[in-house]
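*Asks:* Assemble the whole structure, with the sequences as input and the hints as a guide.
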Amino acid sequence: MRRFRLNALCSSTRAQTMSASPTVHATCFVLDGRGILLRGASGAGKSRIALHFIETASARGRQARLVGDDRVYLKPAEDRLIASVPASIAGLIERRATGLRDAGIERIDWQPSVPVGLVVDILDDDAEIAIPSKKIRHIRLKGVDLPYLPVPRDFQRAVALIEAILPQLPPV
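Numbering of the sequence shown is given in UniProt numbering, commencing with residue 1 and proceeding in unit increments.
Worth flagging that the hints you see were computed from the coordinates, not collected in a lab.
Quick reminder that beta carbons are idealized off the backbone N, C-alpha and C, glycines included.
Careful, some of the hints might be misleading.
Stated by the list, open to error - Each computed DSS-like pair below joins lysine-lysine, with the alpha-carbon atoms no more than 30 Å apart:
1) K135 x K75
2) K75 x K134
3) K75 x K142
Said to hold, decoys possible - Computed spacing ranges between beta-carbons, pair by pair:
4) K134 x E106: 35 to 45 Å
5) E55 x A90: 15 to 25 Å
6) P171 x I105: 29 to 39 Å
*Replies:* Here it is as C-alpha cells:
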C-alpha cells in the first residue's frame with residue numbers, strides 16, 4: 001500500500017511536469033557534496049544503498065542527504081548535470097523490510113538538488129560489472145560526461161564497489 005502511494009505521487013508529479021522536464025526512475029543522494037545517481041530496476045536496491053550511505057555517514061565523519069527516491073529530474077547546466085526532486089516526494093524514501101525494521105515510506109533529511117558526480121547502474125548481469133581499477137569509466141547523460149560505475153544487485157558488493165571508487169573521483 002505504501003509503495004503504491006509513493007508511486008502514485010511520482011506519477012502525479014510526472015503527469016504535471018511531463019512537458020517541461022520528465023522525471024527518470026532513479027534515486028539520488030549527496031555524499032560529501034557529491035551527487036550519486038543510482039539507476040536500476042524496481043526492487044534492485046537503490047533506496048537501500050542510499051539509506052546505507054545516509055545512515056552511516058555521520059558515524060564516519062561524512063555528510064549525506066537524500067535528493068530524491070524513485071523519481072528525479074535531470075537537467076544539464078553548462079558542463080554539469082543537476083539532479084533535483086519533484087516537490088511532491090521531497091524528503092520521502094521507501095524502506096523495504098529487512099527483518100530489523102518494518103517496510104514503509106519515511107521522511108528523512110533532504111536537499112532539493114545536487115550536481116551529479118557519479119552514475120551507478122545496478123545490473124542483473126554480472127558480466128557488465130567491472131573489477132575495480134584505476135581507470136574510471138564514463139557515461140554520457142543529457143550531453144554531460146559523468147563517472148560511471150556498474151554494480152551487481154548484491155547489496156554488500158555494490159556498497160563496496162561504490163566505496164572503492166569514491167576516492168578515485170575528481171573533487172567536487
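*Asks:* Are the hints correct? Go through all of them and say.
*Replies:* Now for the hints, and whether the structure bears them out:
For the hint linking K135 to K75, the alpha-carbon distance of about 27 Å falls within 30 Å, and the restraint holds. In summary, the hint linking K75 to K134 is supported, as the alpha carbons are separated by about 29 Å, within the 30 Å threshold. Only pairs whose Cα atoms come within 30 Å are accepted, and K75 paired with K142 is accepted, the gap being roughly 7 Å. At roughly 38 Å, the beta-carbon separation of K134 and E106 lies within the given 35 to 45 Å, and the hint holds.
E55 and A90 have their C-beta atoms about 19 Å apart, which keeps the hinted 15 to 25 Å range intact. For the pair P171 and I105, the beta carbons lie near 34 Å from each other, so the given range of 29 to 39 Å is met.
In this structure, every one of the numbered hints holds.
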